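K.L.:
Chains A and B are the protein sequences, given in the same order.
For what it's worth, the numbering used here labels the leading residue of the first sequence as -4, then goes sequentially.
For what it's worth, the numbering used here labels the leading residue of the second sequence as 3, then goes sequentially.
These are calculated hints, taken from the structure and not from any lab test.
In this text, all values refer to a predicted model and were calculated from it rather than measured experimentally.
Some hints here could point you the wrong way.
Over 12 Å on every C-beta distance to chain A, these chain B residues come out as not near it, computed from the model [stated by the list, open to error]:
| id | residue |
| --- | --- |
| 1 | SER12 |
| 2 | PRO15 |
| 3 | VAL30 |
| 4 | TRP65 |
| 5 | ALA99 |
| 6 | THR135 |
| 7 | GLU214 |
Reference listing, derived: stretches of chain B covered by chain A, where coverage requires no fewer than 3 residues with Cβ under 8 Å from a Cβ of chain A [stated by the list, open to error]:
| id | segment |
| --- | --- |
| 8 | 84 to 92 |
| 9 | 243 to 253 |
| 10 | 341 to 352 |
Built from N, CA and C at the ideal position, the CB exists for glycine as well.
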Amino acid sequence: MTDREIVIRLRGIRNQFGSQVVHDDLDLDVYRGEILGVVGGSGSGKSVLLRTIVGLQTPNEGSVEVLDTDLLSADDDTRQTLENRWGVMFQDGALFSSLTVRENVEVPMRGIKGLDPQIRRDLADLKISMVGLQYSAGDKYPSELSGGMRKRAGLARALALDPDIVFLDEPTAGLDPIGATGFDELIRNLSQSMGLTVFLVTHDLDTLHATCDRIAVLAERKVLVTGTMKDMLEVDHPWVHEYFHGPRARAAASEGSAKADRKGD
Amino acid sequence: MSGEDATEFSLEPADDGGTVHLFGALTVRTVTAAREKLQALDPETVTCIDLSSLTRLDTAGAWALVTLKPGDGSERGFEITGASDKAQSLLRSVEKALPEPETPPPQDTSLVAWLERFGRKVHAGGLFLQALTGFLGIFLHRFARSLLHPSKFRLTSLVHHCEEVGYKAVPIVALMSFLIGVVLAFQGATQLRQFGAEVFVVDLIAISILRELGILLTAIIVAGRTASAFTAAIGSMKMREEIDAMRTLGLDPGLNLFVPRILALLIMLPILGLIANVAGLFGGALMAWIDLDISPAMFMTRLIEGTSVDHVFVGLVKAPVFALIIGVVGCHAGMQVQGNAESLGRMTSNAVVTAIFAVIVADAVFSIFFARIGI
Chain A
-4 MTDREIVIRL RGIRNQFGSQ VVHDDLDLDV YRGEILGVVG GSGSGKSVLL RTIVGLQTPN
56 EGSVEVLDTD LLSADDDTRQ TLENRWGVMF QDGALFSSLT VRENVEVPMR GIKGLDPQIR
116 RDLADLKISM VGLQYSAGDK YPSELSGGMR KRAGLARALA LDPDIVFLDE PTAGLDPIGA
176 TGFDELIRNL SQSMGLTVFL VTHDLDTLHA TCDRIAVLAE RKVLVTGTMK DMLEVDHPWV
236 HEYFHGPRAR AAASEGSAKA DRKGD
Chain B
3 MSGEDATEFS LEPADDGGTV HLFGALTVRT VTAAREKLQA LDPETVTCID LSSLTRLDTA
63 GAWALVTLKP GDGSERGFEI TGASDKAQSL LRSVEKALPE PETPPPQDTS LVAWLERFGR
123 KVHAGGLFLQ ALTGFLGIFL HRFARSLLHP SKFRLTSLVH HCEEVGYKAV PIVALMSFLI
183 GVVLAFQGAT QLRQFGAEVF VVDLIAISIL RELGILLTAI IVAGRTASAF TAAIGSMKMR
243 EEIDAMRTLG LDPGLNLFVP RILALLIMLP ILGLIANVAG LFGGALMAWI DLDISPAMFM
303 TRLIEGTSVD HVFVGLVKAP VFALIIGVVG CHAGMQVQGN AESLGRMTSN AVVTAIFAVI
363 VADAVFSIFF ARIGI
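Make a model of the complete structure from these sequences and hints.
P.N.:
This is how it looks when you write it as structure tokens:
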């Protein structure tokens, strides 16, 4: 696994708010093409970690390297280029409320010189359709959409420029089980067809089972352990054990294996 | 599909076998030009498009290839070769996701359509008036109920709103009215001096302020500051589902939100009108003294002798009506707020415009009414 290309490399990250230390000496590698699930208790700094990687939060110490660029010392132009190569989906989609869904998806594409407006429209429609939304959703405003649709629209905007990496913040939070399962499959399919690297912050054990190649557990202010779901079950740290062996985890696991069996048939 | 940001794309015309070779990157950055080049290919000779020399292909590029059709819309008979596994899966998923455009309903620009839109707007206006009347009914009903069951009445809330809409508005109302008095005296004096009728400036000030301007301008100021405050407060509660929460807890929004607010306006607007009258007369008297040498005592005598007290009543009798208009419009607009901040802003400014407009219309109706019955 070590010979694979590393797209995100975090070294010695320290994030501190006042006297509260969220991350201390945190290291993390994300490999190209994988779906990494980041889990951790409430307040363990999952979202802060995501914000640190995409540059919304400057760490007090440490280095952030994304796609072989040192983010913290990069100048504005380099950052701009880099920002076009990743997409972020925030928890509730964070769509611009004064624009329709189609216009929202077009926003990142407006920065491209010489892109014909009609083609831009068609591409936005394609992205909207790729995330599983109806054609008619393109003309709607975010306030007219349900929570699940807003998330899908947020994903469409994140994917507008075919990024190398997408960051998803709690993609299935607040969705019904059917919607959540649909979203899991969507992430899996898109990541395969578009060759995406996915950095996924979640609480949803079903999502971890269904989509993630690798899991990173955030606890005690650092990445405690990374590995596959199987590896996680063997970790004997109390929190990790509790998390992956609790009643919810067992339900998700049995469901996940049943699904795998069905796939095998 | 490496990560470099290539912006070059080219294609080599068809060789003998009818194969077109693509070079460079076919991405969202090059798609506009690439699509033109691809569209320009002669469908008669091209049978095959070779992707093996492409350095990068993204969704936009795949879209350009998948949607490549001749101008007449028929299927283009060519095949795509040399695509890597990744490119193939991308092409497949783009093809699968290709949106089915729905034809938008044609925009009818005829006279009939215009009339229809006009009719719909008139109908919507009628519905709005009906809704406002309904709201007035809700207020009166809840008010009557709170009279029957005084324990349900929210006295603390009423006092709070009296302070908000009344007491805190005193400085701005008094200052505005004082300045209006000054202006009237000044303008009146310049005109009346030509006839040597300076002393009539007292009548001019008294009648215009007491009958019309005092209460009308007060109502306009209150409409501006209070209707918007009502809409914003109730609207943000509506936005965060607090109103629904109240209903499920058995608290009636009419009784708890509308009655204290509208009642506070009903109590405070006449008082504010009275303050405006006094401040306006004071401003007028001051200016008359400075500019026309009409002493305060003389102003007073002339005021008491020449101006009927009817004028004060004619002015103040409008106050409760204005208060109802402002309160009902403000609360109604608040309840119309949808689940987003944008509609909150829109309804707030709607409420102010509607309230001011309705106050002026009501004032005009009052003027005609009083003129007809000869007061």
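K.L.:
Each hint should be assessed against the structure and marked as holding or not.
P.N.:
Against the structure, the hints come out as follows:
Look at SER12 of chain B: its CB is around 16 Å from the nearest CB on chain A, clear of 12 Å, so calling it non-interface holds up. With a least beta-carbon separation of about 23 Å from chain A, PRO15 of chain B lies farther than 12 Å from that chain, consistent with its non-interface assignment. Distance check for VAL30 of chain B against chain A: the nearest CB is about 6 Å away, which does not clear 12 Å, and the non-interface claim fails. For TRP65 of chain B, the requirement that its beta carbon stay farther than 12 Å from each beta carbon of chain A is not met, with the minimum near 5 Å.
Remark: the non-interface label on ALA99 of chain B conflicts with the geometry, its nearest Cβ contact in chain A lying 4 Å away (cut-off 12 Å). Every beta carbon of chain A lies more than 12 Å from that of THR135 of chain B, the smallest distance being close to 29 Å; the non-interface claim holds. Annotated as non-interface, GLU214 of chain B keeps its C-beta farther than 12 Å from every C-beta of chain A; the closest such distance is 42 Å. With a cut-off of 8 Å between beta carbons, the segment 84 to 92 of chain B has 3 residues touching chain A; three or more are needed, and the interface restraint holds.
Using a Cβ-Cβ cut-off of 8 Å, 0 residues of the segment 243 to 253 of chain B lie near chain A, which falls short of the minimum of three, so the contact claim is violated. A count of 5 residues in the segment 341 to 352 of chain B with a Cβ less than 8 Å from any Cβ of chain A is obtained; the coverage claim is therefore met, three being the minimum.
Hint violations for this structure: numbers 3, 4, 5 and 9, all remaining hints satisfied.
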